[in-house]
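A.B. asks: Hey, can you work out the whole structure from these sequences and the hints?
Top to bottom, those sequences are chains A and B. Positions 1 to 704 (this note's numbering) are the ones given, in order, by the first sequence. Positions 1 to 314 (this note's numbering) are the ones given, in order, by the second sequence.
Keep in mind that the hints are not guaranteed to be accurate.
Cβ-Cβ distance ranges computed for the label pairs, FRET-style [said to hold, decoys possible]:
(1) A/G219 x B/Q211: 25 to 33 angstroms
(2) A/G37 x B/G160: 54 to 62 angstroms
(3) B/F4 x A/Y75: 39 to 47 angstroms
(4) B/R177 x A/E162: 52 to 60 angstroms
(5) A/L474 x B/Q211: 25 to 33 angstroms
Listed next, the stretches of chain A that the computed footprint assigns to chain B, with coverage defined by at least 3 CB atoms under 8 angstroms from CB atoms of chain B [claimed, not checked]:
(6) 114 to 122
(7) 131 to 141
Honestly, the hints are just simulated from the structure, not real lab data. Built from N, CA and C at the ideal position, the CB exists for glycine as well.
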Amino acid sequence: MATTTTATLETTTRSASAAQPLLKVDGLSVTFFTPTGAVHAVRDASFEIKRGEVVGLVGESGCGKSTMAYAIMGYLPGEPEVGGAVYLDGQDMAEFGPAELRKLRGNRIAMVYQDPALALNPTMKVGHQILEAISEHLDLDAAQAAQRMAELIESVGLPDPERIAESYPHQLSGGQQQRIVIAMALACDPDLLLMDEPTTGLDVTTEATILDLVADLKGRVNAGILYVSHNLGVVARIADRVVVMYAGQTVEEAPVRDLFKDPRHPYTVGLLSCVPKPVADEGAVTRLQSIQGSVFPSTQADPGMCLFSDRCPMATDRCTAEAPEPVSVSAAHGSRCFYPHDVSPDLWNESVEREAPHENGKEPTLTVKGLHRVYGKWQRKYLFFGPKVKPPVRAVENVDFNVGAGRTVGIVGESGSGKSTVARSIVGLVPRDSGDVELRGEELSAEADERNADQKGSIRMVFQNPTSSLNPKLPVRHNILRPLQKFTDMSAKEREERACELLESVGLDASYMDRQPLQLSGGQQQRVALAAAFAGDPELIVADEPVSALDVSVQAQVLNLLEDHQREKGTSYVFISHDLGVVRYVSDEILVLYAGHVAECGPAEDVLSAPSHPYTEALLSAAPIPDPDAIPTPIRLGGSVPKQHEQFKGCFFASRCPRKIGDICDNTPPPVQTSPGSPTHEVHCHIPLDELERLQSSPVESRA
Amino acid sequence: MTRFLVRRISLIVVTLFVVSAAIFAITEILPGDVAQMVMGQGATEQNLKHIRETLGLDRPAPVRYLEWIGGVVRGDMGDSFVQKIPVTEVIEPRLANSLILAAFAFLVAVPSAVAIGVWMGVRHGSKTDHAVSVGSLVAISLPEFVTGVLLIVVFSSFLGWFPSSSAILPGTSPLTRPLILVLPTLTLTGVLFAYIMRMTRANVIEVLNTQYVRTAVLKGLPMRRVLLRHVVPNAMLPTISVIAVNMGWMLGGLIIVENVFAYPGLGQLLLTSINTRDVPLLQTLALIIAGTYALSNLVADLSYGALDPRIRLT
Numbered sequence: 001m002a003t004t005t006t007a008t009l010e011t012t013t014r015s016a017s018a019a020q021p022l023l024k025v026d027g028l029s030v031t032f033f034t035p036t037g038a039v040h041a042v043r044d045a046s047f048e049i050k051r052g053e054v055v056g057l058v059g060e061s062g063c064g065k066s067t068m069a070y071a072i073m074g075y076l077p078g079e080p081e082v083g084g085a086v087y088l089d090g091q092d093m094a095e096f097g098p099a100e101l102r103k104l105r106g107n108r109i110a111m112v113y114q115d116p117a118l119a120l121n122p123t124m125k126v127g128h129q130i131l132e133a134i135s136e137h138l139d140l141d142a143a144q145a146a147q148r149m150a151e152l153i154e155s156v157g158l159p160d161p162e163r164i165a166e167s168y169p170h171q172l173s174g175g176q177q178q179r180i181v182i183a184m185a186l187a188c189d190p191d192l193l194l195m196d197e198p199t200t201g202l203d204v205t206t207e208a209t210i211l212d213l214v215a216d217l218k219g220r221v222n223a224g225i226l227y228v229s230h231n232l233g234v235v236a237r238i239a240d241r242v243v244v245m246y247a248g249q250t251v252e253e254a255p256v257r258d259l260f261k262d263p264r265h266p267y268t269v270g271l272l273s274c275v276p277k278p279v280a281d282e283g284a285v286t287r288l289q290s291i292q293g294s295v296f297p298s299t300q301a302d303p304g305m306c307l308f309s310d311r312c313p314m315a316t317d318r319c320t321a322e323a324p325e326p327v328s329v330s331a332a333h334g335s336r337c338f339y340p341h342d343v344s345p346d347l348w349n350e351s352v353e354r355e356a357p358h359e360n361g362k363e364p365t366l367t368v369k370g371l372h373r374v375y376g377k378w379q380r381k382y383l384f385f386g387p388k389v390k391p392p393v394r395a396v397e398n399v400d401f402n403v404g405a406g407r408t409v410g411i412v413g414e415s416g417s418g419k420s421t422v423a424r425s426i427v428g429l430v431p432r433d434s435g436d437v438e439l440r441g442e443e444l445s446a447e448a449d450e451r452n453a454d455q456k457g458s459i460r461m462v463f464q465n466p467t468s469s470l471n472p473k474l475p476v477r478h479n480i481l482r483p484l485q486k487f488t489d490m491s492a493k494e495r496e497e498r499a500c501e502l503l504e505s506v507g508l509d510a511s512y513m514d515r516q517p518l519q520l521s522g523g524q525q526q527r528v529a530l531a532a533a534f535a536g537d538p539e540l541i542v543a544d545e546p547v548s549a550l551d552v553s554v555q556a557q558v559l560n561l562l563e564d565h566q567r568e569k570g571t572s573y574v575f576i577s578h579d580l581g582v583v584r585y586v587s588d589e590i591l592v593l594y595a596g597h598v599a600e601c602g603p604a605e606d607v608l609s610a611p612s613h614p615y616t617e618a619l620l621s622a623a624p625i626p627d628p629d630a631i632p633t634p635i636r637l638g639g640s641v642p643k644q645h646e647q648f649k650g651c652f653f654a655s656r657c658p659r660k661i662g663d664i665c666d667n668t669p670p671p672v673q674t675s676p677g678s679p680t681h682e683v684h685c686h687i688p689l690d691e692l693e694r695l696q697s698s699p700v701e702s703r704a
Numbered sequence: 001m002t003r004f005l006v007r008r009i010s011l012i013v014v015t016l017f018v019v020s021a022a023i024f025a026i027t028e029i030l031p032g033d034v035a036q037m038v039m040g041q042g043a044t045e046q047n048l049k050h051i052r053e054t055l056g057l058d059r060p061a062p063v064r065y066l067e068w069i070g071g072v073v074r075g076d077m078g079d080s081f082v083q084k085i086p087v088t089e090v091i092e093p094r095l096a097n098s099l100i101l102a103a104f105a106f107l108v109a110v111p112s113a114v115a116i117g118v119w120m121g122v123r124h125g126s127k128t129d130h131a132v133s134v135g136s137l138v139a140i141s142l143p144e145f146v147t148g149v150l151l152i153v154v155f156s157s158f159l160g161w162f163p164s165s166s167a168i169l170p171g172t173s174p175l176t177r178p179l180i181l182v183l184p185t186l187t188l189t190g191v192l193f194a195y196i197m198r199m200t201r202a203n204v205i206e207v208l209n210t211q212y213v214r215t216a217v218l219k220g221l222p223m224r225r226v227l228l229r230h231v232v233p234n235a236m237l238p239t240i241s242v243i244a245v246n247m248g249w250m251l252g253g254l255i256i257v258e259n260v261f262a263y264p265g266l267g268q269l270l271l272t273s274i275n276t277r278d279v280p281l282l283q284t285l286a287l288i289i290a291g292t293y294a295l296s297n298l299v300a301d302l303s304y305g306a307l308d309p310r311i312r313l314t
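C.D. replies: Put into structure tokens, the structure is as follows:
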């Protein structure tokens, strides 16, 4: 369908010779001037995009990926100094005036943004927002434009275009919103599509469907696509070629397979080795490697050396004395390194086997029994009277699990599955409606205020975003001394010493005591939060997405810290994450939550291998794997987690289950099945386990 | 929606009851008494007693309140103690005068404040913006009785363009002499204008920095369209509540402005009724003011709901 519209709506004559790249970025640099000094966002970037090609742009935050995308658009805040050149179809974009640039935007170059909820105007119907782009650039009458809009909505996989067009953004799910943004970008058949982290804010199941759409677009539209992402797994799935950026420089460029199988820059190797792999067992056996230090600060001028040299394990004197230029390793493979041929996959130390986890003892540290929580009340038709009209929002229902001493229980699920509510109920931030939480067999009050100091000190929490969970007005010192003061009976001097020890244990030193949180990088902040959590020698740490806001290299550091602390002190963890790879890496047991219900739980290996609950299977299938050879599994979930407190008549997952077997799923709650080989492995499903195992070893057709 | 309206309107009724009880209680506590006010200093004890009996003031306060409120519920606001005619007749012409003044002030202040606010928001940081910001701060800081007197000095005493007094003969409409409305309108407009302008400006700046405005720009839309279709509608949302709250402000301003310019409106009447302890009149005026306040807030909520699709009034 899209091809017909492309043919009929081709309005501009586009002279594109086959030899010329669609986009050529040549030595681009962008420097912003702020009151505190110059910021070198992009230092030296060069790459090309051809028509019909997807180029992945990867790197950690602060490497200049997004700035580069906006620089191509000619949309940069303030009055930055831009060096180098960007050529579109051979034409230097610096020659375009404001009016020409405006004609280009949304027409020949279109963009898809990171957060679709923010990128769409909340008070305008989405159909109208698409129409705007069409009528601005194409010479169509109202009826044709409306027709085109409907086709666009349909072409991004949204059913019922009329209804969708009449919706406001907030009435759509995150995945639908992103599809609308993509439809808007496709409005005028752009030559170049810039996608800036388009799936970063989405659930893994939604991410998978959007990636499928992008892969599908690649075949349909004759555009070059620049796909910016920090997630190597995502890039491995859809890119033809990959460009790696570090500290504002493009450091490696290669076809996707070469880049993942035969990386020729130490930074690329580092990035690849600090990502935990989701499925394969090997991922959990060896210790994660991390890139020490942090990205070369963009506030510093070019020092005339390799910017990665301070973190590079193979740096020599030459690396600090002169700056490397990009060299060709093979025809299509370039690296900005003096020694591209010496780079080997095990560059970042030999793989170290992990220490064995603590044995699951008899008495669990934490026991959660029948946890139940809903938010709000039934709303009635007339304030306090009349029939019930709106049900409360379901959070969690009947969740049971144990955490053994020195063990980690991972909790996974999409947003809205109740993960955070479970975490908050354990620490007492959210009162529970019913159920018990016991610490070493001792019943805990529902609210933190009613727990004694000992109980509070025994359970500590680490939050997702350290920038907002540390008080920006108080120095690091306060964050660590405060729990020591509250939960231990040390003297002031002992506390001070202990605080320094704790900082050292998380890889920081005593000089950090008097720093303000905002002076630290995200990774350093999260390590401070960890030191504060370790402070009272807690028995249990509840970590709610502790690494989600961090870059992969820092993520590995934090995960290793958590593990070391556990092996040493025997602390138990409840670890919440949406990232299956991370959960797989840290967890001894895994709890899969869906719509507040336990779908599956048990030892990590058993949960993540067949037979699995169909929901676990869908999550696994959606998780992006940083390996271009991985065969994508076709199981996709449409829709989103039901939010309302429906008294599920049958199975909680029936509305989205790709393996639904019939009326029994809608009408009867699923039984709890345990596998014969592993008595602690529970699957809440109607399908018998051996049947599930058989089904999951053979691929299924995807369900629309 | 109907449910929302029913609920809000019943809440307004409850509010008005509470207000009336509070006003009644306050007038009971105030020193001085109606009979004395009506009869003047020379009244004998006999006369005062007689007056109290005819007005029913000798009975206990709760009984009088209940009687009065019973009347109100039936639509009878009672008679003015001083003028001895139904309160409604006293208020009617004054209400019309005040509404005219308020409407003028509103019509002048709101559109100009919004327009200039948008303009300054777009050009924020420029010299014009700084000048307007300072000017609006001055306007906010000066109370009406100061601006009013200043305007009289400049435009009436000095330039002689407009009359300094806005008094008119009873029974005539101010619309027959529109010139007298100019200075009171300007005075009343000052604060209102400054508040709304500043609020609009701040919101426009905020919306200009949102990602959906970036989306609109990168769609290739011309700036004019980005402003009209994306920036202004979203920037107006919080401004609306400010406008509604300012309606209440304006009522307070009316009392002062009407007294400064001797304009025969509700504000002047309110002051008189307080001075003469004319409780039925005072009560009715208080109810009108409280009711206007509540209604303007309701209107703000309704328009908010109409403009912002994310808000569902339930």
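A.B. asks: Please go over all the hints and tell whether each is borne out by the structure.
C.D. replies: Quick rundown of the hints versus the structure:
Separated by about 29 angstroms at the C-beta atoms, A/G219 and B/Q211 satisfy the suggested range of 25 to 33 angstroms. Separation of A/G37 from B/G160 is about 59 angstroms and conforms to the stated range, judged on CB atoms against 54 to 62 angstroms. Between B/F4 and A/Y75 the CB atoms are about 42 angstroms apart, so this pair conforms to the stated range of 39 to 47 angstroms. Distance hint check for B/R177 and A/E162: the Cβ-Cβ separation is about 58 angstroms, which falls inside the suggested range of 52 to 60 angstroms.
Between A/L474 and B/Q211 the CB atoms are about 31 angstroms apart, so this pair conforms to the stated range of 25 to 33 angstroms. Coverage of the region 114 to 122 of chain A by chain B holds in this model, with 6 residues showing a Cβ closer than 8 angstroms to a Cβ of that chain against a need of three. Check result for the region 131 to 141 of chain A against chain B: holds, 4 residues qualifying (beta carbon to beta carbon below 8 angstroms, three or more required).
Consistency with the previously given hints is maintained throughout, with no hint failing.
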